[in-house]
Amino acid sequence: MSGEIAIAVEDVSKSFGKTEALKRVSFQAMTGKVLGLLGPNGAGKTTAVRILTTLIPLDSGNATIQGINVSAHGAQIRKIIGLAGQYAAVDEYLTGRENLELVGGLYHLARKEARSRSKELLFKFDLEDAADRQVKTYSGGMRRRLDLAASLVNRPPVLFLDEPTTGLDPRSRIGLWDSIRSLVSEGMTVLLTTQYLEEADQLCDNLVVIDHGQVIANGTPDELKTSLGGDLIEFSVIKRELSQHAAEVVAKFALSAPTFESESGQITLRPVGDGTHSLANLVRALDESGIAIAGLALRRPSLDEVFLSLTGNSPDEANGN
Amino acid sequence: MLYEWSLMTKRYVLRYIRVPALVVFSILQPIMFVVLFRYVFGGAIVVRTSNYVSYLMPGIIAQTAAFGSIATAVGLAEDFQGGMIDRFRSMPVSTSSVLVGRLVTDTLRNIFIVLVMIVVGYLVGFRFMNGIVPAVGMAAMAVLFGLSISCISALIGMKLRDPEAVQSFGLIWLFPLTFVSAAFVPVYTMPGWLQGIAKANPVTIVIDSMRSMALGGPLSRTTFESLAWLIGICVVFLPIAIRQFRRVS
Ligand SMILES: Nc1ncnc2c1ncn2[C@@H]1O[C@H](COP(=O)(O)OP(=O)(O)O)[C@@H](O)[C@H]1O
Ligand SMILES: [Mg+2]
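So the sequences go chain by chain: D and L. Numbering of the first sequence is given in this note's numbering, commencing with residue 1 and proceeding in unit increments. Numbering of the second sequence is given in this note's numbering, commencing with residue 1001 and proceeding in unit increments.
A few of these clues could be false.
With a Cα cut of at most 30 Å, we get these calculated DSS-like pairs of lysine-lysine [what the hints assert, rightly or not]:
1. D:Lys-33 - D:Lys-23
2. D:Lys-124 - D:Lys-79
3. L:Lys-1010 - D:Lys-124
4. D:Lys-79 - D:Lys-33
5. D:Lys-23 - D:Lys-112
6. D:Lys-136 - D:Lys-112
7. L:Lys-1199 - D:Lys-79
8. D:Lys-136 - L:Lys-1159
9. L:Lys-1159 - D:Lys-23
10. L:Lys-1010 - D:Lys-119
11. D:Lys-23 - D:Lys-225
12. D:Lys-33 - D:Lys-18
13. L:Lys-1199 - D:Lys-18
14. D:Lys-136 - D:Lys-119
15. D:Lys-136 - L:Lys-1199
16. L:Lys-1010 - D:Lys-112
17. L:Lys-1010 - D:Lys-79
18. D:Lys-124 - D:Lys-33
None of these hints come from the bench; they were simulated from the model.
Produce the complete structure using the sequences and hints provided.
Take a look at the structure:
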């Protein structure tokens, strides 16, 4: 099945009044892979997910899931998708088990099957102990896991996860990442949205970066990192007060002005031409100026930096965090 | 579809069973009304046809059934806001399942509340004076009244989709509707201009028919008219409300 296109979005636009939430957005998700929609708050991620899950109509363009047109055949689409929305959609007053059995029933599973499927999912998502407790006693992480379990009741081949880990503590986040990985290993196609670069890096096979309703980059996490133009040189000097001077000395080896972070003392630059060669030149130049170096490294840019250079601000900043 | 309805009903009924306070509080208010009107205002209100408590109870029961519809509106708005409706809408469920489940649950709840109110009435001196079948008819009319108001409330809840807005707006229209009627005082005691409104108010027609069934009186015309109103409201509002399920805000 892999190599096939599971989700195809072509030139999709959507406005809410004067707000253009999506502007001619196009992307594809491959069967059995994880596609990440990465973007800051308000980028249009949820809008894209809501269109694909038939919750809202698109204004123009074309969207298909497994070849089925989303706008024309909503009823068919709803049979092959699962959705875990931005906010856990579980009934507070029902137990975890009852929530899953309700969803199973609504999918018209036989009562026995709904029951065994719920049991299986409760086990899988480590909710067995809490299965017969009302959801209002659950922690945020447990709710998210239950929500994810509910979206899997019908074994959908295509799963949508809208910011699955937003608001979770780091431990729950990593737990949820493991769950998502194991789903993909079973062949499911996943489209997930996230504001976290690390999450995108960890989970996604392909990334679509969107900002202000437009796709501004796409590719594998590695491709995106490489597209920045290769490696970065990072160093600091022993005498902090010389940092400014050091930055001036090495400026001639850099594509753009070196950045200096006062807290850590790190000076970062994107070298002209070959990284290793520049490294040697840079060390020599600093040496000649009598500036002693504390640490020196050649490294790949992080997705954070990719995002920064694409949008001019990092998603976390855009979010006000 | 029937199965989906029953699942949704079960979901809402379980909530009432687990949070009985939701029902208990909605009974306390009408009981207070009974005590207020029976003992505080009652002495000042003279009705021609019967003693005041007998006059009062059908009115209060009807009002209670109508006010219960706030639960329909708030419950649906909460579902929209909490994302439950998004989940259901992303699944192959029929558009009517949530709404019907909600209405069935609130009707069951109203049946319970109407029965409790009849018991309360008996404790303060109310008596059915027209036999058992009309008495059951009165209770059924009250429940049907509650259902028709719930259909309107459902539309309000699904339009506003904000539990707090619904909480404050969802009931307001019911105050003039139920008070400017024959619910608590006979229409002829009101000023002339108000009498016209109160007489035309379908709530007056419903309550007159309930009174006739409880206490004896002209039955057929008011009952027929009242049924026509209540069924008419359901027939008009139910499809509009159902359509809101897939309508986006
Ligand atoms: N129902 C709506 N009504 C009006 N504006 C909306 C609605 N939904 C989203 N928007 C606007 O569309 C833009 C994209 O929102 P959204 O898709 O939720 O972004 P994200 O999920 O990436 O944070 C935002 O500017 C948001 O305010
Ligand atoms: Mg969002």
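Going down the list of hints, with the structure as the test:
no. : hint                   : verdict
1   : D:Lys-33 - D:Lys-23    : holds (25 Å)
2   : D:Lys-124 - D:Lys-79   : holds (22 Å)
3   : L:Lys-1010 - D:Lys-124 : holds (26 Å)
4   : D:Lys-79 - D:Lys-33    : holds (20 Å)
5   : D:Lys-23 - D:Lys-112   : violated (46 Å)
6   : D:Lys-136 - D:Lys-112  : holds (26 Å)
7   : L:Lys-1199 - D:Lys-79  : violated (52 Å)
8   : D:Lys-136 - L:Lys-1159 : holds (27 Å)
9   : L:Lys-1159 - D:Lys-23  : holds (28 Å)
10  : L:Lys-1010 - D:Lys-119 : holds (20 Å)
11  : D:Lys-23 - D:Lys-225   : holds (25 Å)
12  : D:Lys-33 - D:Lys-18    : violated (35 Å)
13  : L:Lys-1199 - D:Lys-18  : violated (48 Å)
14  : D:Lys-136 - D:Lys-119  : holds (20 Å)
15  : D:Lys-136 - L:Lys-1199 : violated (48 Å)
16  : L:Lys-1010 - D:Lys-112 : holds (17 Å)
17  : L:Lys-1010 - D:Lys-79  : holds (23 Å)
18  : D:Lys-124 - D:Lys-33   : holds (21 Å)
Violated hints for the displayed structure, listed by number in ascending order: 5, 7, 12, 13 and 15.
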